[in-house]
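Student: Take a look at the letters that make up each chain.
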Amino acid sequence: MLSALIKHLLLTCLLVLAGLLLNPVVIRADDLAGYPKEILHIQFTAMDRLQNGQTVQRFTVHQPRTSTGPVTLLYLENQDPVIYRATPVKQCYAIQVHKPSCIRIFAFAQDQQKSYVTCTDLVLFGKSKIPAKRTPASISESVLLRGLPHIALNNSDRHYWHQTGVPLTFTLVTASQTVTPTVMKLFKNNNSTTLVPEIAQPYRFLYTPPHDKRLKQSSLTTTRQDLLFTQVDHDGKQYHLAYVLRVHRSRHAHDNHKAGAVTLAAGSILFIGILLNKRKKPWWKE
Amino acid sequence: MVERIRQICQHLSFILFLYGGRIGIDLGSSLPCFACPYVNGCAGHCYLMVLQRSYVGFQTSFEMIFSSAFVNILWPFVLFLIFFMPISKIWCAWLCPFCLFQDWITMIRKKLNVRGITMTRQTRKKLKSIKYILLVLMILIPLSIANFGLHPDWKLPFCQICPARPILPMFVGDFDKFNINMTNGVTMGFSITAMLLTGIFLAGIFFKERFFCIFCPMLAFMHLFKKLSPVRFEKNAHACTGCGNCERMCPVDIPDVHLEKGKKDKSLSGDTLKPFDVLTQDCMGCMACVEACPEDNVLTFKWFNFKLFSSSRRYMTEKWSSK
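Going line by line, the protein sequences match chains D and U. If you use this note's numbering, the first sequence corresponds to residues 1 to 286, in order. If you use this note's numbering, the second sequence corresponds to residues 1001 to 1323, in order.
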């Protein structure tokens, strides 16, 4: 009787597993089609761990239609005061680290009327004794970065794993406070919405990334790229500022504790039931 | 006496493994026992998790496995062996926090005067292979994720269904692991299985001492390397009267110690039987059988040639007369 029960359970498990395997969930790449063309946009691609333990994050930069000049891509690593420059190989950029690092990336481009600044943060976990190759930025590039208005994610170094459903605060950072407070646009899954600044702090914007069916169906490491965008006039020049936010699916928002307790109780009752039911013809000896 | 020492060791290790991290103790991630990494502030954790992880375990592409990066998988395994070799499976009954949890449940049952169950040899035999199946799946599933495109939510397959994952964090006030993760089909399947198994094991542990240990893949994994350890559990079959106390007292009903008849020692004359190693695949080294054996030196736990504990009529008589 016990063997029949075990066989039945194993068969059920196998069928469930087969069902899951034969009905795989779809993982799609981020879709860029819906983003406006006047934004300098960073598109993350693969993250690889090299055999020597270093980690590489690759990405491409999509220039605005009107900008014809080169894109300058600078980044800061941890609290390191040195600013580094990333150079593209076949239009693909790569940032390589050998230790756990919080990285803030700035992409900058301009045309005759406008400047484009896009910022993003990422955390990479390198584990190698071989220092990663980095190119320090020139002095002029470092000076350029210091006065650059941009959108910053508050406490980005403390929350490396941004999840849907968790509120995030963004600040409009400028060298002077003369910039007119503005609204911020948010582009997500080809749709755009408007974020209004907080009344008390006109440079701060609160955004809670909503849950996403595609993210839920894919792995924990899959990300969605939300893009925050605004236009400001600064020092007589128009700036198109953007922030690329990568969000993962929520780890705990979909946990159902009541269902867990009921299933736990069902498991216990099932075992006790089998035990009591087989008392007349026990499969154990007393 | 031995039982008392064992209980003290179990309680000390429980405190060390579950709370040690809060005072800065870090024993790494290659421990040969169920010190669960899901416990906030633990001092170290179970090697089985590392075995299933990416880069340091088998969730790694074949390309990486067959390269110099293999050292990343090998190194935690070497650490595991360093922990395991000195005391072999004595880790299980003397140091494993989940084993102590099971002993607490058994203690409650005994206080409530509820009679436990004893498995028949036939049932035991049928259940024996499950832990090896789990061990194989623990390697095959991560390999399939990294190489054959299995959905990544299959990661850490054993940890996802291990009953220690929701139970041990309770001791640091974390009850959040009792849930069904509704994110997608895979997470839901795993969490339903986990909750059902936890329920089954909680009830099972109540009626059967160390019920989970019968299925524990760590025990299976350790058994594969037991010959590397200097710990031996020997039976001198020549002096055994076959009373069966050892099987009756064994918390997991191992019959092998009782049934082992030994082999003739060709180097000695007559019918002399040489001591035989009875550290079987399910034995956790709790030494309950040695304590219950009424004959002198029939059952002996050895560390190289040094006797750790040996059966004696006097010890057994004193123990049971005091009860």
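The set of hints was computed from the structure by calculation and includes no laboratory data. There could be a bad hint or two in this list.
[Claimed, not checked] Below, a list of computed lysine-lysine pairs in the DSS-like style, where the Cα atoms sit at most 30 angstroms apart:
#1 Lys1307/U / Lys1227/U
#2 Lys1226/U / Lys1111/U
#3 Lys1302/U / Lys1128/U
#4 Lys237/D / Lys213/D
#5 Lys278/D / Lys1227/U
#6 Lys278/D / Lys1302/U
#7 Lys37/D / Lys90/D
#8 Lys1261/U / Lys1110/U
#9 Lys1226/U / Lys278/D
#10 Lys1110/U / Lys278/D
#11 Lys278/D / Lys1307/U
#12 Lys1261/U / Lys1131/U
#13 Lys1261/U / Lys278/D
[To be verified] Label pairs and their in silico Cβ distance ranges:
#14 Asp48/D / Gly1028/U: 42 to 48 angstroms
#15 Phe1077/U / Arg204/D: 48 to 54 angstroms
#16 Asn155/D / Trp1303/U: 52 to 58 angstroms
#17 Pro81/D / His1011/U: 46 to 52 angstroms
#18 Arg85/D / Ser1129/U: 28 to 34 angstroms
#19 Gln79/D / Leu1137/U: 26 to 32 angstroms
Because the structure is a prediction, the values reported are computed rather than measured. We put the CB at the ideal spot given by N, CA and C, even for glycine.
Student: Against each hint, give a clear statement of whether it holds in the structure.
Tutor: Hints, verified against the model:
1. Lys1307/U / Lys1227/U: Satisfied, since the Cα-Cα distance of roughly 17 angstroms is no more than 30 angstroms.
2. Lys1226/U / Lys1111/U: violated, 36 angstroms
3. Lys1302/U / Lys1128/U: Holds, at about 26 angstroms.
4. Lys237/D / Lys213/D: violated, 40 angstroms
5. Lys278/D / Lys1227/U: violated, 40 angstroms
6. Lys278/D / Lys1302/U: Outside the cut-off at roughly 42 angstroms; violated.
7. Lys37/D / Lys90/D: Distance of about 21 angstroms is within 30 angstroms: holds.
8. Lys1261/U / Lys1110/U: Measuring from Cα to Cα gives roughly 33 angstroms; hence the hint is violated.
9. Lys1226/U / Lys278/D: Since the Cα atoms of Lys1226/U and Lys278/D sit roughly 37 angstroms apart, the hinted pair is violated (cutoff 30 angstroms).
10. Lys1110/U / Lys278/D: Since the Cα atoms of Lys1110/U and Lys278/D sit roughly 22 angstroms apart, the hinted pair holds (cutoff 30 angstroms).
11. Lys278/D / Lys1307/U: violated, 44 angstroms
12. Lys1261/U / Lys1131/U: The given pair, whose Cα atoms are some 27 angstroms apart, holds under the 30 angstroms limit.
13. Lys1261/U / Lys278/D: Since the Cα atoms of Lys1261/U and Lys278/D sit roughly 34 angstroms apart, the hinted pair is violated (cutoff 30 angstroms).
14. Asp48/D / Gly1028/U: 42 to 48 angstroms: Because 26 angstroms falls outside the window, the suggested range is violated.
15. Phe1077/U / Arg204/D: 48 to 54 angstroms: holds, 50 angstroms
16. Asn155/D / Trp1303/U: 52 to 58 angstroms: holds, 53 angstroms
17. Pro81/D / His1011/U: 46 to 52 angstroms: holds, 51 angstroms
18. Arg85/D / Ser1129/U: 28 to 34 angstroms: Because 59 angstroms falls outside the window, the suggested range is violated.
19. Gln79/D / Leu1137/U: 26 to 32 angstroms: violated, 44 angstroms
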